[in-house]
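Colleague: Chain by chain, the residues run as shown.
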Amino acid sequence: MTFLRAIGLLLLLFATSGASAQSNETALRETIADLSSVKNFRETEEIVRSLGATGDPVVGRVLNALSDGNVSFRKSDNVVFIVSERAGRAKLFDPISGDEVGEATTTELTKVKVNNGLRRSIREVFATLTLGSPNPAVRQQAADTMFISPDPAAIEGLDAAIAKEDVASVKQRMVQARAAAVLASDLPEADKLAAIEVIGARGDRSALSLLVSYQGRSEGALREAAASAASGIESTIAVWNAAQNVWYGISLGSVLLLAAIGLAITFGVMGVINMAHGEMVMIGAYTTFVVQNIIRTSYPGLFDYSLAIALPLAFLVAGFVGLVMERGLIRFLYGRPLETLLATWGVSLVLQQLVRTMFGPTNREVGNPSWMSGSFQLGEMAITWNRLWIVVFSLAVFALLLYIFNRTAWGLQMRAVTANRRMAASMGIRTPWVDAFTFALGSGIAGIAGVALSQVDNVSPDLGQGYIIDSFMVVVFGGVGNLWGTLVGAMSLGILNKFLEPYAGAVLGKILVLVLIILFIQKRPRGLFALKGRAVEA
Amino acid sequence: MSKSGTILYLDGVSVSFDGFRAINNLSLVLDRGEMRAIIGPNGAGKTTMMDIVTGKTKPDSGEVYFNGEIDLTRHDEADIAMMGIGRKFQKPTVFESHTVEDNLMLSLKGPRSIFPALFHRKTADEVRRIDDILGIIRLGDKRHMLGANLSHGQKQWLEIGMLLAQDPKLLLVDEPVAGMTDAETEETARLLKDIAKTHSVIVVEHDMHFVRELGVKVTCLHEGSVLSEGTLDFVSADDRVVEVYLGR
Amino acid sequence: MITRRFFANGADRRIFITIGLLLGVAVLVPILNIALPPDSAFHVPSYMVALVGKYLCFALLALALDLVWGYCGILSLGHGAFFALGGYAMGMYLMRQIGDRGVYGNPILPDFMVFLNWKELPWFWYGFDQFWFAVIMVMLVPGLLAFIFGWFAFRSRVTGVYLSIITQAMTYALLLAFFRNDMGFGGNNGLTDFKDILGFNVQANTTRSAIFAASAVALALGVFITWAIINSKYGKLLIAVRDAESRTRFIGWRPENVKLFAFTVSAVMAGIAGALYVPQVGIINPGEFAPANSIEVVIWTAVGGRGTIVGPIVGALLVNAGKSWFTGVLPEYWLFALGGLFIATTLFLPRGVIGMWDHWMATYRERKAAALPPSAGTPAATTPQQREWQASATGGAPEPQPAE
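Chains as they are written, first to last, in my numbering: chain A, 1 to 538; chain W, 539 to 786; chain C, 787 to 1190.
Hints are computed from structural coordinates only; laboratory data are not their basis. Be a bit skeptical, because a hint or two may be false.
What the hints assert, rightly or not - Simulated DEER-style distance windows between Cβ atoms:
(1) W:D663 x C:F1010: 56 to 62 Å
(2) W:F657 x C:E906: 56 to 62 Å
(3) C:N1017 x A:T408: 42 to 48 Å
As the list claims (entries may be wrong) - Calculated cross-link-like contacts (lysine-lysine; reagent style BS3-like; alpha-carbon spacing at most 25 Å):
(4) C:K905 x W:K680
(5) A:K523 x W:K596
(6) W:K680 x W:K660
None of these values were measured; they are calculated from a predicted model. Even glycine gets a Cβ: it sits at the ideal position worked out from N, Cα and C.
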């Protein structure tokens, strides 16, 4: 309890550091110095109350120490210190700043005595001190701390604070903290039932653990009420857990979408199985690495823009490699999909080894810009910024591709070539160029996927290998010839994976997904969104 | 309509792909031993109709009966082929890596399971059957030639020969004379008329001269249903047929 | 006609020469290894026996793949899985043979189970103390997996690249599964530290030579069985399914059954190859399931020539000898070489070494024949596959086809 209180105090100190308190530091010091001349507990209590009356959070330190019996004064000059004793020696700390100011033997010091009555007064003062803070965040923090470590003695202070509180959300927390304290008190059953209701309405994990532990030490109606409130919270939490899983699933799905969508384009439009697609992703990730390296050494101020700079570069680099591949290799293999598969596998081996030779076999450090680090809380789920940005980014890429396909002249040409190559050619569309640029587009998209993936995965020469099978599964599952299929495929596989994980474990979950896809293909050999053909000789 | 005495009986058959109605309430009856020519513009549903009869496509609704008693919608391609319906594709499809003889040998009527095929030895009877068919399809001297090296017309004949080897009751022949010379076309017409003496046959063809040479009842399909049916003269006099297919 | 008969006879003769060679090697190499003193010029060093023995197992694996890819057009990217399963079955037998000589001295449980604090043997380890049981499992497990997988895949008419991708997913799933400790197959480390096989020390020269001989004989047997299958009516059907699947369906065959049989036989062959491989290298671990391994098998087959029986054997020997040389001399360049091989083979040598040779010989003979009687201007023998190859060789512009 002391420990938790100390944490609360620390937070409080952070929140109010450098506040107006400094002006009356001298007055504080004088009041504290009086501790060396107290005759009895009543006098000590008066000092405590007058310290609390200052409303300055800085007095928390000395009050805390006093409650723990760690305040002494030096016999020689009656200066009061917070002490930390060990084997006859004591370290001396300033009671206000907390800085270490010297050492003494225990015999040179006299302890300021405390008893339980005094301790209770100290706690009360404490509560009003933090609950009365001008900063609502501090008040809320204090209420939450008191909720986690309820103390019947604090009810009074809480009541006072609740009456004064005018921020509704903080007030609610205080009411909850009071309810927790009521449960710990010996108040009548009706009060406790009301308290259980309040705690049950809070609905988070700490409320649950409070209720569960209370359920263990209560009986009768109270026990039942606690149990039903706990199960109510459990179901709320289950919903949040499901939401969290969906979020993880969407996050994984967006990664899959990024990795697979370029593949869906090349496979859908050209029927080309590009086994080196994963390496295009890797190239994108290494482009990010190089860009960040240059920025770190030459223009450190631009670091937050490194990804924005890397995106077009990665698109161009990977797209160029794709273009070279298509013109130099794949166009000779059209109509022979199995051979294309083998040749592009060969390319993937060469690219991997090339990167390994240039950058070394180990993981490379790619940093997160500040706007992509950290996380925030949404209800009971934690959402990291980098995941959120990747979801947003993948959807943006998807929308862009949808636009290119459905609204631009180039997209029209691609669709025409997909539908009927010969007819498109005789209408004057340069089909070889459409092929080449479609392939370059697919590769370039893989490159920018690499920029995004560099934020959540290790950048190593094997980066692409880890995604290739998953991406193929997405494309096969979603069906080709329709970008929506890829979106639905990626998201449903991502979410399915994350829902299986808690029950089956990560590896087994993945295996299950693979098996499910293999079974799914039995039912719909051409995927979820396949176009139905009616050609008989196929 | 009574099913008895018919070799093929389609009633009220419909099928659609992604909202497109390829076959729309189609009814068609073929008597035993009859040869029928089917004409119609592209997309009229001729090939889809064959898909339905041979079990490749399941109809959304309607009845398809073979021999008056067997519901074809309950069987798959291999079953239907074994019942005695042979089908020639629009694009001639033979086993190009095999000789003409092996092509026929693989098509000969007989058990269709793996282990008999594994331990199969050619019998004198089979050799005689192959010789017969080679005679019928005019490929007697090409016996050892690879399928790939046949001319387009010869491939068409070989494919018809493969159907005959199955000893079918009904043959579905899709555009047998596409890409043939005039001489080959005439020869094919004779060939089909020979076959029609002992089999029921449906021929899909665009070549009106060839249809006339066959001299059989004609059905014209349009947008998935029967537009007109009768002798060629009757059908080609029908204004609607002229409108959608023959042209003025 | 004459050409064809000569050609067929030539092919048959080649098969019998191969089988003879393999049987000869099976006898000769062990003799040269054991009977001759190490300083003799004809002595075959033990490391060489182990190395070539390994290659022979790979050759059998490549031959198995050729049966389905070369003759039936099924590009399996998961044959490494069948190989590894056969290897694990053999490895389990070898583990049980260790008995109480393991580090922990448990007479029943293999070391890794003791280490994981397992109390009793999992049910699927029962019976593996018997050699005959292990031998049955070596064939049954890969065969059964192939049968079940193929039954699902072929029945629903999954073909082409889709099939390739799901075979790859299959081996990937097995890779993940075997990496798990609680699967009961030694997890990450796999099975190793073998002691005896049939009561003989696996490390001993004589045992190694015997396993070498067994590998050569198994390969010879594989060649014979493949040859017998290909030359039966079923074999012709197999090729027919490769060239025109729907045609076979519409004359009453069930292509799914045709493929299923070949796929299962092929998986059993791969399993046997794996079982012979494991005692020679002394370890089996989940790495054998890696998709990259399975694709490498494809390139052995492609280099030698798919659709020929000798081709995959030649390919497996050549590529693996190359790999051994590279990893010894220029280890960092091996992946460049392998990658280049994939590209070069598909672009310039689609028929592989043996296929190319046959093609040259056929062209040569045809020219000679054509030169004699001017009337015999029969067109060059072309199959659809060959035409495709010619198109690519002459730089014709083949067209991409969107996936269906």
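Colleague: Now, for every hint given, state plainly whether the structure supports it.
Modeller: Outcome of the hint check:
The hinted window of 56 to 62 Å between D663 of chain W and F1010 of chain C is violated, with their beta carbons roughly 30 Å apart. Taken as a hint, the range 56 to 62 Å is violated for the pair F657 of chain W and E906 of chain C, whose Cβ atoms sit roughly 46 Å apart. Taking the beta carbon of each, N1017 of chain C and T408 of chain A are about 56 Å apart, not inside 42 to 48 Å as hinted. For the suggested pair K905 of chain C and K680 of chain W, the alpha carbons sit about 72 Å apart, so the restraint of at most 25 Å is broken.
Between K523 of chain A and K596 of chain W the alpha-carbon distance is near 15 Å, which keeps this suggested pair within the 25 Å criterion. Under the criterion of a C-alpha separation no larger than 25 Å, the hint pairing K680 of chain W with K660 of chain W is consistent with the structure, at around 19 Å.
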